[in-house]
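Undergrad: Sequence:
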Amino acid sequence: MGSRPAYVLCLAVVSFVGVATSLGQQAAPQPLITQPIIESQLVTLKGNTHPLAQPKFDIGAAPPNLSMQRMLLVLNRDPQQDFALHRLLDDQQDKASPIYHKWLTPDEFGTQFGPSDQDVQLVTGWLQTHGFQVNRVSHGRTVIEFSGVEAQVEQAFHTQIHQYSVNGQLHWANASDPQIPAALAPAVAGILSLHNFPRHSMTHRVGTYSQATKQLTRTNPQFTLGFGCYPNGTCYAVGPADFGAIYNAQTLWNS
83 MGSRPAYVLC LAVVSFVGVA TSLGQQAAPQ PLITQPIIES QLVTLKGNTH PLAQPKFDIG
143 AAPPNLSMQR MLLVLNRDPQ QDFALHRLLD DQQDKASPIY HKWLTPDEFG TQFGPSDQDV
203 QLVTGWLQTH GFQVNRVSHG RTVIEFSGVE AQVEQAFHTQ IHQYSVNGQL HWANASDPQI
263 PAALAPAVAG ILSLHNFPRH SMTHRVGTYS QATKQLTRTN PQFTLGFGCY PNGTCYAVGP
323 ADFGAIYNAQ TLWNS
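At position 156 of the sequence shown the residue is numbered 238 (the numbering used here), and the sequence of numbers has no breaks.
If you are wondering where the hints come from, they were derived from the structure by calculation, not from laboratory data.
Keep in mind it's a predicted model, so treat the numbers as computed, not measured.
Incorrect hints may have been included.
Each pair of labels, with its calculated beta carbon distance range [stated by the list, open to error]:
#1 A109 with V320: 41 to 47 Å
#2 Q117 with P161: 17 to 23 Å
#3 S247 with A109: 49 to 55 Å
Glycine included, every Cβ here is placed at the ideal spot set by N, Cα and C.
Using the sequences plus the hints, can you model the full thing?
TA: Structure follows, in structure tokens:
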């Protein structure tokens, strides 16, 4: 009987350590950049050219001093981190888990699941050697924001920025997939914002489909405001309670 309290205490300590490990004691990320950076040994980042950057829309190369602001370089995390992240997400939604609904701050997330300090430093250092200004690293540590001019993009990423005329509108975009030194490739997922084509919303207006008429009729909102709205004088609104009904979130709010 004298050993029972010690046994219970041991279980409590083990449980606490398990929670701490899940929330804040994740093993340090492994560096993905393990080879010297040699500029002549290149790999292509496939799929990093906008689909509308086509020769038939091309009206010429950009000037070398074209300002390129807020470019985003996206970094990879190592496979062990991916596994641990998916496990954390599952546990955070499992009521039987000791870390149910225990959320991480952005900085905690970056520390646990972002790239290693070495990879971040090597990539930002490489950008700076090509003259780019590194504006910031995201809290999650997977996005590096940087700025520069077209000549620097061409020299560092081995692609030109061209101007494209699409449906009467002018846009800048890289003419081919960028290339980077092979040593950086394991750590780099891709580059965003080498173009200024607008991003379109993925939402679509829907309605009610009738099997009898084979027609789609517009859905009418249930709540309206008939004053103070521009341009037609009527506003359609969705409130928090509507959100709860639409997405069946009331049980989650009450948990």
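Undergrad: Look at each hint and say if it fits the structure.
TA: Against the structure, the hints:
no.: 1; hint: A109 with V320: 41 to 47 Å; verdict: holds (44 Å)
no.: 2; hint: Q117 with P161: 17 to 23 Å; verdict: holds (18 Å)
no.: 3; hint: S247 with A109: 49 to 55 Å; verdict: holds (51 Å)
Consistency note: the structure conflicts with none of the earlier hints.
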